[in-house]
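Below are the chains, spelled out letter by letter.
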Amino acid sequence: MLEYISPNDEKLFGKTDSETLQNAISEAEKDGCRQILIPRYNARMGKCEWRIPVSIKLPSNFTVILDNCYMVQETGVYDNMFTNMYSWDFDKCTKMEYEQENIAIIGRGNVILDGGVHNHLLEKTAGKYNQPPLRRNNMFLWINVNGLRMENLHIENQRWWAINHMFCSNVKIKDIDFYAIPHVNNMDGIDLRIGCNHFDIQNITGRTGDDVIALTALQSASELKNKVDGKDCDIHDVKIRNVKADSYYCFLVRLLNHDGSNLYNIDIDTIMDVSDYTKKMPSGACIGIGSLIYWHARPAEHGETRNITAQNMTSRGRHAVSMSRTLSHSKFSNIKTYGDNRNGVGIDGKCSFEDVSFEHLWYGALQQEIYAGKMLTPEEYRGTVIHLPNAAGDINFRDVNADQVRCGICVSGDVKVIVDGFHCNNLLTKLDVSAESTLILNEEEC
Amino acid sequence: MRRNANMLDMLLRGYVTPEDFAGTDTERLQKAFDASHELNIGRVVLKGSYAVEKTILMQGMTDLVLDDATLCGTGDFPVLANANYAKNDSHSWSLQDRFFTIRGKGRFLGDVLLYNAFHVNIDGVEFGGALRFSFVSEVRLYNSRFTGNEGVVITMGSNNFIMQGLIAECKNSAVVMDATADEYDYVIGKEPEIHEIILQDSSFHTSASAVILRASLDAKVYNMQLDHLVSDGVTLEIGKAGETVPAECYFNLTGEHFTTDAKEAVVIHNSVKHCYFPSEK
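Sequence lines, in order, name chains A and B. For what it's worth, the working numbering labels the leading residue of the first sequence as 688, then goes sequentially. For what it's worth, the working numbering labels the leading residue of the second sequence as 3, then goes sequentially.
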């Protein structure tokens, strides 16, 4: 048995690079090594480039080593670069007995995967006018896979969401770097859709054209078409560590569930918004939770978004943490804002809370301070440290620090907010609390 | 002159070695890096010991694999640097070198310098001298060992680092982030600050403070996440005794889960802003 099969073996050459690579995969299955190595040099074409017109379909228990290579999706085609064997076979990918397992894509050296020239398959045209489904534009599409590993890849110019998972579990993703110029909508980095659990995502960097990592459990008709019999539609047990990226105007980590799907046991550590301060619109938030829109059957109900822990966030977005709809049993710690940040912690629309706490929040350090050493005049202050309009339930804060801010705490709705340790200076308005809300600030009711 | 391999052999093999060429160690090393770039092979594999008499320069898109290799500098110059270091007309943001990987089992006895570059990945390498970054961004530095006077030296204009699994046995500090240091040359179009640095899961045995941060009025130090660090003495030292800059020069710093025998895990010489050191002993 060989260590791996190389696609540069003449007898494996096909009419396209996709065919050649698929032949190498078949050969590796026959050989028993179940591993191919895609080198930099493409002997069939005599170039240091692999052009992919048709998705490379991977069987179970299989490893692809990307060895210092450059791969690009072919111009004018509608297909993924890599996917699992059954992802486009609806009869099989929706059955537990066809669940695939143990697929790995490992980069060695400088690996660049390029979406190439965009094919104009967009959200508004997909599935219409004889256009294929939009999921054809994922660079990686994984459906119903247990045991997946992706490491050390630089992904450029993704045509839509770069890496998309549905009904996948036990997934490890490490050292992925993105570079996207957002010329079309939704050039996300990593997406977990319904039925995903037990993910470990670490060291994600670069620039995407939308959310960097999105956990979105939504049950649209197209999602349910891939529903795996016997698997639930929740997203749970996801660990994310070190996301240092520019999410364009969206979220670095997006958490969203509706339609009866639960989202729980999410552990997030170290999120740095490194977006370009010169752009006109800041990013959405380090972490964006929930939404009042995007639901199909019904919106998320209280208790369905729960057990979220997040710590060590540095944000220059519209919020450091943005919340909407509902959140329970969650804890956030060590949140710092800088640059153009509008609100420290904020609600988008409305949100109900139960057992939600924030501690160690620092708000301030505007861009002018950073780059010009200029102090703002009070008229230039903006943003709110704690911005909770239309809130309900209970929410707690401890150790909140801010300077040069328009408003300290803004609360409305039937909510009880406890803030313990509120240290602010240079405020235009310290508190803005509506009559139906209760605010206990430093142990005194306001 | 190529001795053992022609161009197609090297392309199919996927790497170049100094043994493909004739000359002194320094000449053969440089020819290997040049051929790797010219032929778009993008990989140099080194095996054995090499005496380096002048700085070896590598172009962008290089994967340097060390297969039980040692590069030993014979003088006071960097053993290895990216090509921009030697180009007087490339000190501009738009001309930065990109994509370097240095990995495998090997040692550099002498400094390694990255200047005006981005996308640098280093994994599993031993550095007998310092590993220096000047105007470099997007760095991943993993599982490496440092045994020289200083370990990692990050100076002006460097940002976006993830460093994990470092071990240092240094006479001075293991990780120095110094925005006050004199630069080789300022890179036009880059900001002078040092920022967005993650340093985690590392162990330092040093005579001086393990990690040092130094900012100036012109070049601030901000947005740092340092956690799970073990050190013999002080883990983190911020500023320099007797030198004062405004607190805004050091902001958004987090240091937590420090393990040390020293009285204080964190020593702060300068006022700081929006910093979180819960594990301060």
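Among the hints, erroneous ones may be present.
To be verified - In silico BS3-like cross-links for lysine-lysine, where the CA-CA straight-line distance does not exceed 25 Å:
{"#": "1", "chain 1": "A", "residue 1": "Lys815", "chain 2": "A", "residue 2": "Lys717"}
{"#": "2", "chain 1": "A", "residue 1": "Lys861", "chain 2": "B", "residue 2": "Lys107"}
{"#": "3", "chain 1": "A", "residue 1": "Lys734", "chain 2": "B", "residue 2": "Lys107"}
{"#": "4", "chain 1": "A", "residue 1": "Lys912", "chain 2": "A", "residue 2": "Lys861"}
{"#": "5", "chain 1": "A", "residue 1": "Lys912", "chain 2": "A", "residue 2": "Lys782"}
{"#": "6", "chain 1": "A", "residue 1": "Lys815", "chain 2": "A", "residue 2": "Lys914"}
Just so you know, the hints here were simulated from the structure itself, not pulled from any lab data. No experiment lies behind these values; they were computed from the predicted model shown.
Right, here's what the structure says about each hint:
no. : hint                : result
1   : A:Lys815 / A:Lys717 : violated (40 Å)
2   : A:Lys861 / B:Lys107 : holds (21 Å)
3   : A:Lys734 / B:Lys107 : violated (30 Å)
4   : A:Lys912 / A:Lys861 : violated (29 Å)
5   : A:Lys912 / A:Lys782 : holds (12 Å)
6   : A:Lys815 / A:Lys914 : holds (22 Å)
When held up to the earlier numbered hints, the structure conflicts with 1, 3 and 4 and fits the remainder.
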